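Mind docking chain B on chain A? Use the hints.
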Amino acid sequence: MKKNWWKFLGLALIFYSIVWGLLGPVPALAIVNETIRNVYFHVPMWFAMLTLYLISVVYSIKYLSSNNTDHDLVAVESINVGIVFCLLGLLTGMIWANFTWGAAWPNDPKTNGSAIATLMYLAYLVLRNALEEEQKRARISAVYNIFAFPIMIVLMYILPKNTDSLHPGAGGNSGFGDFDLDGSMKAVLYPAALGWILIGIWLMTLRFRMRKFEYENDTVS
Amino acid sequence: MHLLKEVKSLIHKDIVLEWRSKYAINGVILYVVSTVFVCYQAFKSLDTTTWNALFWIILLFASVNAINKSFVQESRSRQLYYYTLASARAIILSKIVYNMLMMVMLSSIAYLVYAVIFENPLGNPLLYLVTVILGGIGFASLFTMVSGIAAKAGNNSTLMAILSFPIIIPMLLVLIKVSKNAMDGLSCSINYGELLVLVAINVITVTISLLLFPYLWRD
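Listed in order, the protein sequences are those of chains A and B. Once you know that position 68 of the first sequence is 68 in our numbering, the rest is easy, because the numbers rise by one and skip nothing. Once you know that position 50 of the second sequence is 50 in our numbering, the rest is easy, because the numbers rise by one and skip nothing.
This is chain A alone, in the form it adopts within the complex:
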C-alpha cells in the first residue's frame, strides 16, 4: 500500500477528470461547442505517450551502458504501452475531427505526423522480431530507438508548428489555453494528464514484470 500510492493517485485523478470534465464549466466557443471537453481525454493520451517513449529512450541508453536485460525489457514494454496510447490519441482525435473539421482524417500535418511516428515505432517492433539472438536484439533495437526518438519529436512537435494546420497550437493557431481565462480547464487537464501518465507507467511495470517472469522461466529451464 505504501509503495503503491501513485497507482491509486492515478486512478483517482482519472476518475476526477472524467466526472469534472463532463460536468465542469467550459468556455462557450463556436464550432467546437461542448466537444471542447474532449481536450481532457485527447491531450493526456499524448502526454502519456511522450512520457513512455521518453522512458524507453532513457532505458535504451542505460542498456547500452549496462548490458542489463531488465533495462531492455523496460524499453520495449514502454514502447508497447506507448503505442497503445498513441492509437487512443489518434482515435479520440479522429472522433473530434469528425465533429469540428468535418472529416475523420483530413490531410492535416499533425495527424499525419502522429501516424508516421507510430509506423516508426511499429518498425522498431518488427526489427526486434527480425533478430534472433537476445543480446544482439537488445543492443540493435536500443540503437534504433535512440536514433528514432529525435526524428519523432521533429515529426510530431516541430514540423506541424510551421505548416498550415487545422490543429490548435499548430501552424500559428492558438491553443485552448488562450480561451481558458479563469484556469478552470487547466484544473482538469493537468490532473488528467498526470493521471493517464501514472496509469501508463503502471501498465508498463505490469507488462515488464510479466515479461521478466517469462524470461526467467525460459532461461532457468
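Careful: at least some of the hints might be erroneous.
[Stated by the list, open to error] Now the in silico label distances, taken between C-beta atoms and shown as ranges:
1) A:W20 <-> B:D184: 36 to 42 angstroms
2) B:L85 <-> A:V220: 39 to 45 angstroms
3) A:I31 <-> B:L211: 45 to 51 angstroms
4) A:K186 <-> B:Y40: 53 to 59 angstroms
5) B:A200 <-> A:Y215: 35 to 41 angstroms
It is worth saying that the hints were derived from the structure and are not from the lab. Small disclaimer: the values here were computed from a predicted structure and weren't measured. Ideal Cβ placement from N, Cα and C applies to all residues, glycine included.
Here is chain B on its own, set in the frame of chain A:
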C-alpha cells in the same frame, strides 16, 4: 587529428574500390535513368506538383538502393580487419562522407536526366539544385546509419525499407516544400527557415550516428 587521418584513408579506400569495379555507381545511375524513362513512358506530361513529387520518389528509391549496399559489399572478415585498424567513429564517418559524395553526384545526375526528359519550367533552378544537393546529403546521413542497423539484422531489404521510410519522411516533407517553392520561383530568403530545419536534421543524425555506431558494430 588521428581520427581525420583515418577517415581520409578510409574514404580513399572506398573511392578506389568503387573506381576499380564501378559496379555500384553504374548500377545506380542506370537504375535512375531507367526509372525516369519508365515514368516518362507512363506519364508523358505532368503538372508541377506531380513533377516535383515524382522526382523525390525516384530519388528516394535510388538512394535506398545505393546506400543499402554500404555495409555489405565487403566481406565480414575484411570488415573485422578494418575494425582492428580504425576506430568505429572513423568507420561510420567515412561511410557517411563517402555516401554523401556519392549521393551528391547521383542526385545531380538524376536531376539533369529528369529535367531533360520531363521538360518543366523551373522558377528558380539554382534553389532547386541546392535543395536537390541538400536532399542527397540528408538521405546519405540518415540511410547510412539505418543500413548499418539493417546489415546487422541479417540485411534484408524489406527491413531497410520499413526502418528508413518513416524516419526519412520529416526530411522528405521539408524537401518537397522547399523544392515546390523553388519551382514557383520564390527567392531563397523565404526558405531560410526550412533550409535551417534541413541542416539541423542532418547535424542531429550525424551526431547520433557517431555516438551510437560504436555500440552497433561490436559483436
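Taking the hints in turn, this is what the structure says about them:
With their beta carbons about 50 angstroms apart, W20 of chain A and D184 of chain B fall outside the hinted range of 36 to 42 angstroms. Distance hint check for L85 of chain B and V220 of chain A: the Cβ-Cβ separation is about 42 angstroms, which falls inside the suggested range of 39 to 45 angstroms. Separated by about 46 angstroms at the C-beta atoms, I31 of chain A and L211 of chain B satisfy the suggested range of 45 to 51 angstroms. The hint said 53 to 59 angstroms for the Cβ distance between K186 of chain A and Y40 of chain B, and at roughly 57 angstroms that hint holds.
Judged by the Cβ atoms, the range 35 to 41 angstroms given for A200 of chain B and Y215 of chain A holds: they are separated by roughly 39 angstroms.
When each numbered hint is compared with the structure, a violation occurs for hint 1 only.
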